[in-house]
Every structure is written in C-alpha cells, then in structure tokens.
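Going down the list, the sequences are from chains A and B.
Position one of the first sequence corresponds to residue 98 (the numbering used here), numbered consecutively onward.
Position one of the second sequence corresponds to residue 13 (the numbering used here), numbered consecutively onward.
It is worth saying that the hints were derived from the structure and are not from the lab.
The beta carbon of each residue, even a glycine, is placed where N, CA and C say it ideally should be.
It cannot be assumed that every hint is accurate.
Claimed, not checked - Which chain B residues stay away from chain A? Per the calculated CB distances, all over 10 Å, these:
no.	residue
1	22
2	37
3	38
4	44
5	64
6	73
7	90
8	94
What the hints assert, rightly or not - Here are some, though not all, of the chain B residues that point toward chain A, as calculated from beta-carbon distances under 7 Å:
no.	residue
9	55
10	92
11	96
12	196
As the list claims (entries may be wrong) - Label pairs and their in silico Cβ distance ranges:
no.	chain 1	residue 1	chain 2	residue 2	range
13	B	22	A	142	27 to 37 Å
14	B	22	A	100	46 to 56 Å
15	A	168	B	42	23 to 33 Å
16	B	82	A	143	15 to 25 Å
17	A	221	B	115	42 to 52 Å
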Amino acid sequence: MTVLLTFGELLERHEREIFAYALRLTGDRDDADDVYQDTFLAAFRGWPPPRRGQERAWLYRIATNKVIDRARRAKRLVRVDDLRLAAPERDGVSMADLATAVKVLPEGQRAAFVLRKLQGLEYAEVARALDCSEEAARSRVAEAMKKVKEAMR
Amino acid sequence: MTTLQDGRDEVLALNRLARERLVARARREGLETVGYGVVDSPLGPLWIAVGPRGVLSIHYGGEPSAHELGRIVRAYGPGLLPDARRSDPVARELDQYFAGRRKSFDVAVDLSPLTDFQRRILAATAKVGYGDVTTYARVAAKAGNQKASRAAGAALGANPIPIVIPCHRIVATDGTLGGYAGGLDAKRRLLALEGGTVPPGGWPKKRAT
Chain A
98 MTVLLTFGEL LERHEREIFA YALRLTGDRD DADDVYQDTF LAAFRGWPPP RRGQERAWLY
158 RIATNKVIDR ARRAKRLVRV DDLRLAAPER DGVSMADLAT AVKVLPEGQR AAFVLRKLQG
218 LEYAEVARAL DCSEEAARSR VAEAMKKVKE AMR
Chain B
13 MTTLQDGRDE VLALNRLARE RLVARARREG LETVGYGVVD SPLGPLWIAV GPRGVLSIHY
73 GGEPSAHELG RIVRAYGPGL LPDARRSDPV ARELDQYFAG RRKSFDVAVD LSPLTDFQRR
133 ILAATAKVGY GDVTTYARVA AKAGNQKASR AAGAALGANP IPIVIPCHRI VATDGTLGGY
193 AGGLDAKRRL LALEGGTVPP GGWPKKRAT
C-alpha cells in the first residue's frame, strides 16, 4: 500500500466504510453524519496517522470513541429506516440482528460486533481499533452475539 | 420495494452530503489548504488543484502522480481535500476554452513551489498568445538564457499547469512538435483548437516565429 500524503487520500480511501460503520453503530443518519465528520476532522487535526499502514484501525478507533462520547451525552434513538440502509444481509447477520445489537449492546460490544460481523475486519484489526487484545476482541464479539441471540428469542 | 442497490445508492448519497459538510468545516478551520477536483474534458479527465494563491496543478488523468502530490505537500502541507468549490472556477474557464469561447485565462496561478528558472520559463510561456506558436529557444531567450533551450524544454515538460500556462504553444526550432505531458495528440488538438491544422510531421518552420 502506498504512503498516504494528504487528508484527501485518507478520506477518499476510507470514507465509505467509516460512514457505513457510523450508520451501523448509531442506527441514525444524522448521528452517522456527525460521527463521520467528527472522525475525519479529528484525524486531520491529529495528522499524521500514528502508524503507517494502520490508518484504517486508527480511523475506526476514533469513530468508536466518538460514538461512545455521544452515547454518554444523548439517549439512543434508532430509526428503522436508517438501519435498513445500514444493514445489508451479510454472513448471516440480518437487519433484525443489527437493530437488536443497537438496542441492547453496550457501545464497546456493539463496536466489536459491527466491526467483525458487518465491516468484516480481522480480529487483529478489531483489536487495534478498540485498543484491546485480540483475545478481548474475540470475547467481546462472542458475548455480543450471545446477547443478540438471547434478546431475539 | 427498496432493493439492496437502492439502499447502497442512498448511503452513497448521504455520504456525499456528509463529505460536503466535512470539507466546509475543514475549510472554516483552516485545515484545508488546497482543494482539488476532477473534471472531464475533450482531452480526458483533468485533476485540478487550487491553493490559497491560485491554481497549483492541472494534471492529465484523474489522479495526480505521487511526485505532483509531494510537490504540493512540501509547499502547503497535507491539507489537500476534494473540494469542487475551489476547482469549479477553473473548470468553468477550461470548459469555455474548449468550447472556443475563451482565449485567455483569468484564474490566478501559483508557481511558488517551483524553482526560479522554471518560474521564468513558465512566465515567458504565459505571454505566448492564443493561436501563436514559438520555440523552446525563444522561450529560453526570453527567460534570460538563449542557450538553455533544452532546459527550457525540460521545464515545460514539468509544467504543472498545462493549458492555462500554454506550453502546448511551444514547439521545436525545426518545426516539429517537441513533447507534451498530455501526449502529442493532445498538443495537436490544442493547437488545432486555437486555429489552423497541424501538418503531418509538425508545424512548418515559418510558423515557428
């Protein structure tokens, strides 16, 4: 992968997945818009990326923290219509799974669940994005899956 | 019934709006130093970058080279963002030029990231009018060094702002076309647009005044 020289390259390379991630984590297009903007502005202010080749995990980490910060401030409201946009059926994860995840999971577990099951990150990347060990990332995803299944019974 | 594709298109549309707001915020905060955009032209896509002092780059092809980006980043830092608001005025003038409705450009150009010699060569080139043709040797002479026609050719080959700085109007002393960053076909088409057709093998010597 070539070295990133500019904000524009970072943005154009990763904005679609970060926007989708924000939409899947918040379940609301306006919140997703805010999280996306705050994430990239923070990345521009914090330039350069801390480690070459790990810009993706860096952005996911910033985005996850933005969602957690927002959750502390505001009560979560989920728009079914926006979740429909956010959740194409994938690897056995349905829209209902995602709606449940957004409603019942705490932010950390929800982030792990969305990163692994919908964004398709490897566990090593999930761990970097969430600033935890790979083992912790695995157990967060497993715990999240269990809770989602239970809640849907 | 909404299909999956509709959903994806809608997400992309939301993403585009979010990007516009993001770039506007970055601009307000002074994080954006240079805005760029890609426009279609009769010569294919052109990548246009505009900085605080004017046009920095018009690049043949939809993506700049790493060399081109590096040159801009060294002068203005990493704050390059896709921003049609900055590239649109240039795109409009280029459209008018290609439609034959514009003979000179009003947009400011920024040559500060270049060497002094390159700047002098490009300044001399900028004075060659629409429909006129001159030679590398004459441009070198105007830039203060008659013997530097080869170096003038190199400086023009590295012209970061073709079309607006009309390096296509500079040909070799023997009447052949010389070189062009956008390819010789592009050079022929630009010269043809400005009047006259280019004979096979280049321009006759008498045109190279």
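Checked hints:
1. 22: Violated, since 6 Å does not exceed 10 Å.
2. 37: violated (6 Å)
3. 38: violated (6 Å)
4. 44: For residue 44 of chain B, whose nearest Cβ neighbour in chain A is about 8 Å away, the distance does not exceed 10 Å, so it is violated.
5. 64: With a cut-off of 10 Å, residue 64 of chain B remains clear of chain A, as the shortest Cβ separation is near 16 Å.
6. 73: Correct as stated: the minimum Cβ-Cβ distance to chain A is 15 Å, above 10 Å.
7. 90: violated (5 Å)
8. 94: violated (6 Å)
9. 55: violated (23 Å)
10. 92: Since chain A brings a Cβ to about 4 Å from residue 92 of chain B, closer than 7 Å, the hint holds.
11. 96: violated (13 Å)
12. 196: violated (29 Å)
13. B:22 x A:142: 27 to 37 Å: holds (30 Å)
14. B:22 x A:100: 46 to 56 Å: violated (34 Å)
15. A:168 x B:42: 23 to 33 Å: holds (30 Å)
16. B:82 x A:143: 15 to 25 Å: holds (22 Å)
17. A:221 x B:115: 42 to 52 Å: Violated: the Cβ-Cβ distance is about 59 Å, outside 42 to 52 Å.
This entry does not satisfy hints 1, 2, 3, 4, 7, 8, 9, 11, 12, 14 and 17, going by the numbered hints stated previously.
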